[in-house]
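Colleague: Using the hints, position chain B against chain A.
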Amino acid sequence: MESTLHNLLLGFGTVFTPTNLLYSFVGCLIGTMVGVLPGVGPLAGISMLLPTTFGLHPTSAIILLAGIYYGAMYGGSTTSILMRIPGEAASVMTCIDGYAMARKGRAGPALSIAAIGSFIAGTLSVIGLMLLAPSLARFALGFGPPEYFCLLVCGLVVLSYMTGGSIVKNLSMICLGLMIGMIGIDQMSGYFRFSYGVTALGDGIGIVPVAVGLFGVSEILATAGSADIREVLKPRLRDLLPSGQELKDSVGPIGRGTLLGFLIGIIPGSAHIISTFVAYAMERRLSKHPERFGEGAIEGVAGPEAANNAASEGALVPLLALGVPTGPIPAVLLAALMVHGITPGPLFIKEQPEVFWGLIASMYVGNTVLLLLNLPMVGIFVNFLRVPYRILYPIILLFCIVGVYAVNSSMVDVAAMCVMGLLGYLLRKLDFETAPLVLGAVLAPIIEFSFRQALAMSNGKYAIFVERPIAATFLAVALAMILLGLKPLVFKKKDWRERLTEAEKSG
Amino acid sequence: MNARRMLLAVLAMGCLLATAFAPGPALAADPYPTRPIQVIVPFPPGGVADLVGRPFVAALEKHLKQPVVIVNKTGAGGAVGMQALAVSKPDGYSLMVALSSISVMPEVDTMFGRPPVYKLSDFAPIALLSADPTVLIVSSKSPWKTVADFVADAKKRPGEIKYSSSGIYGTMHVAMEMFAHSAGIKLRHIPTGGGGPALTALLGGHVDALSGGPNIAVAQMKAGTVRVLGGWGDKRLAALPDVPTLKELGYKDVEFYIWSGFFAPAATPEPILKVLREATAKAVQAPEFKAAMQKMETPIAYLDAPEFKTFWDKDADRLIKSVRNIGKVQ
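Heads up: the protein sequence lines correspond to chains A and B, in order.
In terms of our numbering, the first sequence has 423 at position 423, counting the first letter as 1, and numbering is strictly consecutive.
In terms of our numbering, the second sequence has 312 at position 312, counting the first letter as 1, and numbering is strictly consecutive.
One thing to keep in mind: the hints can contain errors.
To be verified - Taking CB as the label site, the calculated pair distances span: (1) 239(B) <-> 4(A): 29 to 37 Å; (2) 309(B) <-> 4(A): 31 to 39 Å; (3) 347(A) <-> 238(B): 14 to 22 Å; (4) 290(B) <-> 389(A): 52 to 60 Å; (5) 186(A) <-> 304(B): 35 to 43 Å; (6) 239(B) <-> 354(A): 20 to 28 Å.
Said to hold, decoys possible - From the structure, some residues in chain B lie toward chain A, with a derived Cβ separation under 10 Å: (7) 55; (8) 74; (9) 184; (10) 188; (11) 224.
For the record, the hints were derived by calculation from the structure and aren't laboratory data.
The beta carbon of each residue, even a glycine, is placed where N, CA and C say it ideally should be.
Chain A on its own, in the form it takes in the complex (with noise of 0.2 Å):
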């Protein structure tokens, strides 16, 4: 303990010079915009920044280009909550609740949960990476495809019961979200799969493309086909700020979602998307009113918010630790400090304490200043829902275009997501969710590439799934959550038996 103070004193002495200071506030800044543009997610914007660190002490380069990562888990709730456009593939679960919060005219409570659930989740998430780095990552590790199936399979359970509305339409939702999240390159064999000769699909349509249009651009496009005009939103200071009820029930969620964000994010894999859907179905799950779920309840934003910044630093974790970039943001990182001269292996900590201490004192710094810049645009992006909509929602479409191109680079990632706008159009007109679309195309190619996996590891074995203890723990747990599910069934018989006994008492 007294030595991780000094070495944390040692970090806080790296940051606290003036350029560090800067570095830290310019990543804070870029990422919070990266977060806030639709398209442009975290990985995008560390990926074009990354070559002008090169220059750049790497203590510099890393507290940039991390802070842009974190910062990015910020800003990308923004454009969820006000006009149900995923800034980044994180905040998808953000525009369910978060957005129909902004509709109920409870747009600024919304941010201002975002950004202060992101603050807390960052901050403890820090002291867990600092504390608990080199042991945690070593447990992560022992996570390999079976366990990542059988944690999304439980995932998926819970999530069952995720949206309202017709369960049929809901599960053909699903299977068409499954169905298009197959298109590309078959990572197992090589083959092109319903790519109809477009090289460009090799890796399938992005999950960018298919969130944003799905969401924002049928948003937009249902919107500009609606009749009625809706008002235009006068937010009040009293209305900016969440209430004392809507503070009591974030407590939970953000506490919650810290918890399992942290641990999902160590996680090999893209773990800060998979977090926010696992927060946000446990959070339904355990609500004592899932039917305010999709309708606007606070905890749907609280949860996965905090789940998503508990997670994105959680990522980093096998990287400062052990020096295995698990996922594609850490591998940049990665990149960022190889081109220094410095490989991070299991001796970084040991070997670069400056980089490491330095790294985590700017991320206390960073979360803290990204709080202070957040909370005050709660009122300036508030404002940005009084633009009248003709105006405002064409410039929208612009970002939404020129963020999603400049992803890849790619007119085809252009044409998957008008594609998907028109779809989800279609979908809403008929009275389909959209989310559970996006989630299948979002995790089918990692459930069927970890099944995949966990079947070559074990020479086609399905005996893997249960042999090994923590996958069999999560199978164990979707039994449960759907035995769980069948509750009522007996809960209904109990409810007659004492409906009976009442009766026979008052006749």
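Modeller: Just chain B now, with coordinates in the frame of chain A:
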């Protein structure tokens, strides 16, 4: 009068000549390049091609006296960017830094009965920039201390030893299968989504071995988490002098490099290629480029176009054979 007419005629001729030659040939006489050059990197930022490409173009633009800009055109394992160069105008303003995987893709396409997205003959090699042999990495918890141990065990239980790779027909896959074929052993392939996840799988104990770049291996080896048994290079690596090459262990036809090369579209005129080759020769000598490569522990392996062509032909031949040996995966 006559003299004046003559003068006018001469002046008119002069004007005509000036207008005729000034914009066209006068421009053409301007030495290439006259505007910014775009260098496609068909992989995302932070990958080998990107990390070699950026310091390289920074050194290159000093000699070409024009901005040289990297464009990451990613997708389908690099096929999107390579195809983009193949169909670019061969005017010297679209170039590419690509990796050894360039040789594999058309063969895989042919094997699957698809029209190849590009042909190797679509590209004119300008120079080889770097070549790093992969090394055989196993967990330090594994029983194998030498390549011989590894091969003996693999022969005892064919198809049981698992290795991870960056992806199907990717560098780490092709290298390992080349060795397995030469050693007459059968290994089980677990593809992952990239070099990082492949290493994660090894360190997590989900697979037993992998063939990967030496720079990561060295950092892990220092910490004692992995052992390096052998290398795919022609010579031993400077960073790993105790690690034998597979060649010296008797696997004569096993040689594999993750190399990066500088390419132009095939029909690029010879004078332009000459300018690029000369600028490249100077750029690889630039101290900043050398320092950048030193930091990443990636050795510069410069070869000029003719030697690079010979190297590439030989390398492509080995890779294509290896891909054919792998065949279609069920």
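Colleague: Decide, hint by hint, whether the structure agrees.
Modeller: Now for the hints, and whether the structure bears them out:
1. 239(B) <-> 4(A): 29 to 37 Å: With a Cβ separation near 33 Å, residue 239(B) and residue 4(A) satisfy 29 to 37 Å, so the hint holds.
2. 309(B) <-> 4(A): 31 to 39 Å: With a Cβ separation near 57 Å, residue 309(B) and residue 4(A) fall outside 31 to 39 Å, so the hint is violated.
3. 347(A) <-> 238(B): 14 to 22 Å: holds, 21 Å
4. 290(B) <-> 389(A): 52 to 60 Å: holds, 57 Å
5. 186(A) <-> 304(B): 35 to 43 Å: holds, 40 Å
6. 239(B) <-> 354(A): 20 to 28 Å: Cβ of residue 239(B) to Cβ of residue 354(A): about 24 Å, so the range 20 to 28 Å holds.
7. 55: Since chain A brings a Cβ to about 7 Å from residue 55(B), closer than 10 Å, the hint holds.
8. 74: Residue 74(B) check passes; min Cβ-Cβ to chain A is 6 Å, inside 10 Å.
9. 184: Violated: closest Cβ of chain A sits about 20 Å from residue 184(B), beyond 10 Å.
10. 188: holds, 7 Å
11. 224: This interface hint holds because 8 Å falls under the 10 Å limit.
In the structure shown, a violation is registered for the earlier hints numbered 2 and 9, in ascending order.
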